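From first to last, the protein sequence lines stand for chains S and X. Going by my numbering, the first residue of the first sequence is number 1, and it counts up by one from there. Going by my numbering, the first residue of the second sequence is number 1, and it counts up by one from there.
Check before you lean on any hint, since a few could be wrong.
Distance condition first, Cα-Cα at most 25 Å in a straight line; then the derived DMTMM-like pairs of lysine to aspartate or glutamate [as the list claims (entries may be wrong)]:
1) K271/X <-> D159/S
2) K37/S <-> E55/S
3) K230/S <-> D258/S
4) K196/X <-> D182/S
5) K196/X <-> E98/S
Bear in mind the hints are in silico, worked out from the structure with no lab data behind them. What you are looking at is a predicted structure, and each value in this text was computed from that prediction instead of being measured.
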Amino acid sequence: MEDLVRIEGLFKVFGHDPERVFPLLDQGHTKAEILEKTGCAIGINNASFTIQKGETFVVMGLSGSGKSTVIRCLNRLIEPTRGVVEINGADIMKMSSEELLQCRRKTMSMVFQHFGLLPQRTVVRNVEFGLEVAGIDPEERRTKAMNALELVGLKGYEDQRPGELSGGMQQRVGLARALASDPEILLMDEAFSALDPLIRANMQDELLDLQASMHKTIVFITHDLDEALKIGDRIAIMKDGEVVQIGTPEEILTHPADDYVKAFVQNVDKSKVITAEAVMRKPQTITVPKDGPHVAIRAMEKNNTSSIFALDADRKLQGLLTIDEAVRLEKEKVSDVREHLMTDLYAAEPDTPMADLLSRATTARYPISIVDAQGRFRGIVDRAMVIGEVLGDDHEDTSTVHLEALTESQEIKMKQEAGHE
Amino acid sequence: MNKIEIGDKFSTMVDWMRDNWGGLFEAIHAGVEGIFIPLSSALLFPHPLIMISIFSLIALWICGRGVAIFTVLGMLLIHNLGFWEPTMDTLGLVTTAVMLALLIGIPLGIWTAKSNMVQNTVRPILDFMQTLPAFVYLIPAVLFFQLGEVPGVIATLIFSLPPCVRFTGLGIRQVPSEIREAAISFGSSPSQLLFKAEIPVALPTIMAGINQTIMLALSMVVIAGLIGARGLGKIVVQATQQMRTDLGFEAGISIVILAIFLDRVTQELGKPSKKGSH
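Using the sequences plus the hints, can you model the full thing?
Listed below in structure tokens is the structure:
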């Protein structure tokens, strides 16, 4: 993999006469001492990392850690005080203002936390913005903007104004605007942080889907480790302007570099990492219309269950047959059960995190069926499994933490659902 | 203790300016007349009923039926009172002064938004311009530009300029930083940033400033009647001098009708458009 972005020895000092700070830093003074002595705040303290072409690189940290400053140094929305920022081998610090404009227009584009859309423009004219300032002719930019809108699933909304859309949809506009000029690099600054959790998870999934087909280089800023773990190929964790660890999600979870990272990782809600696929069980099923009530009752008796899933010959889910219904059909000598299946079932995809299934699983009367993208039945998750997964967690001593995290997220989920109804 | 003679000094300065900058004032005089005379002739050229229809259509198109009906009835009343000509003169004066105020005020407002130094310099001057009693402007205005419409326009311009500068500056400063950052990050040049992002976003605020400028101009243009400017102001002055309540009230009503028309139309222009324009 080749390096697309290289940052070396990057410093950003806010305040008057920033150069005064460097001798003090060399003498080993802390950030707080320097702020007191000079009135200068150190936003980024000697950050170095490289980002490879096609990877999703997440910069994670709490507020004030300098992560938003780092991303703004990449397109020089903020001028770094010292250091090298190379994009494709070209030092953006040495670019003329015209070269910088071209780089911003063609090579990278940005998605903002609060969307940064122009309220008086329609959606499509917002998406066109980058192409418009680059001087692309109206017809071509309209075509490109419409394609970008289709990509993010906003076809048909082009003549609305941003204020008429929900937060999630506004951020899709922001994403479409960033994609319209087909840049190599997407800079996403807390792009999903302003969205409510359900929509946020949704957008994360869609970003992963888009990325699977586009292979952009994404620099993603977040304060949420769960989001970082879900999206990132590699994660850089920042604290007080310094990069404290860079690694894959796995490395960060298993080998936290210091106590700071460890403290972060402990609070990770692993229910968001464990997917339905890892937990689900493959139950006995019947195939309709081949199998009638007889077969169904036998199977249910054998497995000691009160219902059974019915699939067609292509293993596509048709519905659920309850024992009561099967007995009734047998008495009435009906052999085709297709008309008598319960179809009002909740289905989830194999990669759905357990956290998303918790409230469903604990309140549903019937198991949740897991159905893949092609519509094929893969397995089921029921209440017992969810609770078993939570309680029977054998990962050392952290199980109590998981349990707490799970119940907490479950409560939040339930509240949200109550709120949505 | 001796009195500090600032009044004296000010008057000396005004005299000095009149003696030494005479050419400049003559040029300004000619310029203002060059705008005002054709403008008021144009307003008075068509038959009043045609003009009333035009104004009503403008009101209908921009504001809707209510304001349009008000405009028809109000302006017919002005015509009936026999004040059509002074009303159009007043409108011409206001338009001239406001055009000049916007020409100066909007760029100045943008400049104050971009530079704190300019902001800090301009603000006290604006305070001064806004709070100095309006009549005080009239004296140097007459000294520099004699009697008539031109000093009226100049005094009106000075009096009505501050809200335009302030609102423009405020509007631009209030553009959310993310919108500014977004415009820059997509490769906007400084002028693209200004014209494609900042001004459009600030437009409702800027329009509120323009509305204020027009209203202030209308109130000042009446006072300008004192120095011989044509229009409704002159009739009001005449009415006060002759203690004619009837004449004063009729001219006053005409001003109110014109003011409401201008206010509603410019306020509506300031609202973000609801129609899907491209």
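We went through each hint and held it up to the structure:
no.: 1; hint: K271/X <-> D159/S; in the structure: holds, 19 Å
no.: 2; hint: K37/S <-> E55/S; in the structure: violated, 41 Å
no.: 3; hint: K230/S <-> D258/S; in the structure: holds, 21 Å
no.: 4; hint: K196/X <-> D182/S; in the structure: holds, 21 Å
no.: 5; hint: K196/X <-> E98/S; in the structure: holds, 18 Å
The earlier numbered hint that this structure contradicts is number 2, and it is the only one.
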